[in-house]
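Chemist: Listed in order, the protein sequences are those of chains A and B.
For the first sequence, position 134 matches number 134 in our numbering, and the numbering has no gaps at all.
For the second sequence, position 143 matches number 518 in our numbering, and the numbering has no gaps at all.
Just so you know, these hints were derived from the structure itself, not from any lab.
Think of the CB as a built atom: it goes at the ideal place given N, C-alpha and C, for glycine as much as any other residue.
Treat the hints with care, as some may be off.
As the list claims (entries may be wrong) - Only part of the chain B face toward chain A is listed, based on derived beta-carbon distances under 8 Å: (1) I384; (2) G510; (3) G518; (4) A532; (5) L538; (6) I550; (7) G553; (8) A833.
What follows is each chain in one-letter form.
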Amino acid sequence: MKISRRDFLRMAAYAAAAAGVTEFDLGKLNQALADAGGTGKPPVLWFEGLGDQGCIVSTANYFDGVNGIEGVLLNNIELRYNQVLMGAAGQLAIDQSNAVYNGAPTTPGTVPPSYILILTGAISNLNGYCIIGQDNATQLELIEYFKMLEARAKYVICAGACACFGGVNRIGGLQYNNDPEALVPNHAGGASFGGYAVTRNQNWVPSKSIIIPGCPVHPDWLILTIVHILTNGSLPLKDGYLRPRYLQLSPIGGVPNTGPKTYLFQNKTGPASGPSNPLDPLALGTIHEQCPRKAKHDAGQFAASVGDDTNCLESVGCRGKETYGDCPTRGWNSTGTNKTGKWCNAPGINHLCIGCTQPMFPAVPMNRKINNIIP
Amino acid sequence: MPTTIIDPIPRIEGHMKVTLTIDNTTNGTVTDAQMVGNMYRGFENFMIGQEPLDAPLITQRICGVCPVSHAVAAVTAMDVAAKVQPTPKGRLINNLIHGAEFLHSHILHSYTLNLQDYIDMPSSTVLGAGTLNQGPWAPIYGGDRRPSLADTNTLCAHYVAALTARRKAHTICAILGGKQPHAASFIGGGNSATPSSSDISTMTSLLNDIKAFITGSYIPDMNLLFGPSGYYTSGSLPNYSTIGAGSGKLLSYGVFPQGTDSVNTCLLKRGIYDGSSTVLIMDQNNIVEDVLHAWYTGADNLQPFNGVTNPIITPDAATPPSTPNPFPGKTGAYTWGKAPRYKTNGTTKDVYEVGPLARMVITGDYPAQFSVADRGLVRPLESLKVANAMLGWLTDLSGMLSEPSFISYDIPANGIAAGLTEAIRGALGHWVKYDSSKKISHYQVITPTCWNASPLDADGVHGTIEQALIGTPVANAAQPIEAVRVIHSFDPCMACSIHVIRDDGKTISKFIV
């Protein structure tokens, strides 16, 4: 079947509808954080720590059928700092971030303007291992600078596995514990910001923070969470790991946190306890619960090796049972939705869910079944 | 003489700084340059003790722009260690995912990362006057922005179109790899994906869209800037076809094998350009690395199978230093990046440039010319070559949909292999050893930016980018846009370029990430 451009657009528009957002929604975002004297859009400061910029590249793939990332940047936020996308270099770049910070009220969010702070990549608590720039003669350690900016931010978003839980920086540390934060000592000191802050009594404020994991973060998860924040004037309801349980992108009658739910990280049928309680029968649940191969699993038909194009891959390391996310329903990279698109263990890809939205990621060896991983 | 520091350098991957010595604050010339990698991650250690099958998954996380290149290097090392050839269908799938990543990355570089250096985006009216006069597009270093308003508008429109084109390239990656960045399907012996005829049609349609962008916009746009009578290569202002030459020597490992001879069937060939002629031989035994000017201890002149590297400060996450010490003490050291060199005739250690210019010159598709402009011109040409090849590969793939995508094999005990390929920005190698229990015992990576952004080597010779910077004219030392253009022309990726150590502080790893 040849897919025409028209078909492609229709497919992508369906993806947007499935996510509960429309062009109209994006166009009429309220300006709860509006910078009164400036562009009328909320300033966003986005820093990358120990990471690979994959989350920034992934976010650039945002497409809702009408708007790409350019629409978000032109119409919805003012991205004042992002090392991959910004024009400014050197002191000129640091000045932008400093200006947003200095222009914000010391008590965050009481009076506009305030800003959204995004972290991708892990922080390093070792001096000299992650210098993000230089402010006049002073080298800026990411962690010190980020802590300063965090104090005045209205919302703090940690995006991607590294910023949320430590990500690949955790390999070699404690792999299978139920530790929600990456407190694992490792040679580069990589850890999540929350993990760093909690252990050292730093100014980490969970109530204004949200984490959106994934390796990388799905562009919809990040952008639509920002849409939720802007349309509701508040963060979405979070699970025990501070992940968004679901988004409500179209408040009914302008009442915050009403309207249809777009489920992200929410229990459906189980486990009975865990960070995503309570159970919600309408939720998508784990990757496994959405998987087209679930019937094979239930019938006891398991793959002998990765690459099996039919049977359940749990036997060779698929982490779908322990992993929350809407990958099968949402699809990746505009390939289709409702299990017609692509994701890691999709039919036709035949690989494994490696659990990239969970605190235990990456539970190595990834190509083997491991018991007692706690979701 | 004034010293200018640019930190951060934006629109690259990773954390990078440059320290420039410029002989005059206005209309000066760069007389010295130090490229500084400012981030240190822990990949190399992660790999020791891991299972080989996990290597493609873990090492992709080195780089979010070119993860597939790392996956290809990792599975190539696996296949070579096991002496197994991927299935023909698996080879095609790997090439298609990798090819799509080439298209994504070249377009990303030339437009999203690089274009702002050359056009005054805030003045553009194509999206409405003033719409681009805000973050992330403004402010930006001043300096000469030569294109007319009409051409600026055209280029800004193409900046937006480029976002779409590269997103479509990622869709192709995902159709065969599950998602992108960080594809799933690289398993060794081929690929786990079993694409359908519908997938082939979708990819062909997307690829034709991208190809139309390359021929209709990308090639003409880069010609407008860098072609024979381009804005930056003619007239009275500095001519970028004479700026940023670098070492004048080129190296490529070769990429996109199209037959069972994985070296000599590459679409983009393996070889070197030694300064006077192209030789289609590149012997990885002649690659060595120096650490004299990097924040590591250890010997210089080590081949990557034998390399030993220790950072100058011993990481201790449990008790971080109480006083900031961002300059780990080692006299003469200034970066977390090492200095790879190639022994041209087996003995003479020379500085080589890697990247699309190297591949296209060595393949015979571009003259041996070295400048900022040539690097700008060669990317769309290589993109077109890859896109055309991909259309052929899709046709080939459509004829073998029912054939096996991969061949299963056992990981050999005590295996050893170098997985060599090309990332978009240049030569990428994974040097791997397995122990008797079939676990990884040695994993070293040399990335393209290690080559290009390398510091002084043990002989006191600058790396390619540092050489390219020295001599660059700078109109305003406070905002050296000219230096940024030279650095960007190499498409550097610092996330890929820093080595690491084990936390026992002894064994090494060297991983450049």
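Chemist: Taking the hints in turn, state whether each one holds.
Modeler: Right, here's what the structure says about each hint:
1. This hint holds: I384(B) has a C-beta 6 Å from the nearest C-beta of chain A, less than the 8 Å allowed.
2. Annotation: G510(B) was flagged as interfacial toward chain A, and the flag holds, the nearest CB pair being 4 Å apart, inside 8 Å.
3. A least Cβ separation of about 11 Å between G518(B) and chain A goes past the 8 Å threshold, and the interface hint is therefore violated.
4. Below 8 Å, beta-carbon pairs count as interface contacts, and A532(B) has none with chain A, the closest being about 11 Å; its hint is therefore violated.
5. For the restraint placing L538(B) at the interface with chain A, the shortest Cβ-Cβ distance is roughly 5 Å, inside the 8 Å limit, so the hint holds.
6. Evaluation of the I550(B) hint against chain A yields a held restraint, the C-beta minimum of about 6 Å falling below 8 Å.
7. The criterion of a C-beta within 8 Å of any C-beta in chain A is met by G553(B), whose closest approach is roughly 4 Å, and the hint holds.
8. For A833(B), the suggested interface contact is broken, since its CB lies about 23 Å from the closest CB of chain A, more than 8 Å.
The earlier numbered hints that this structure contradicts are 3, 4 and 8.
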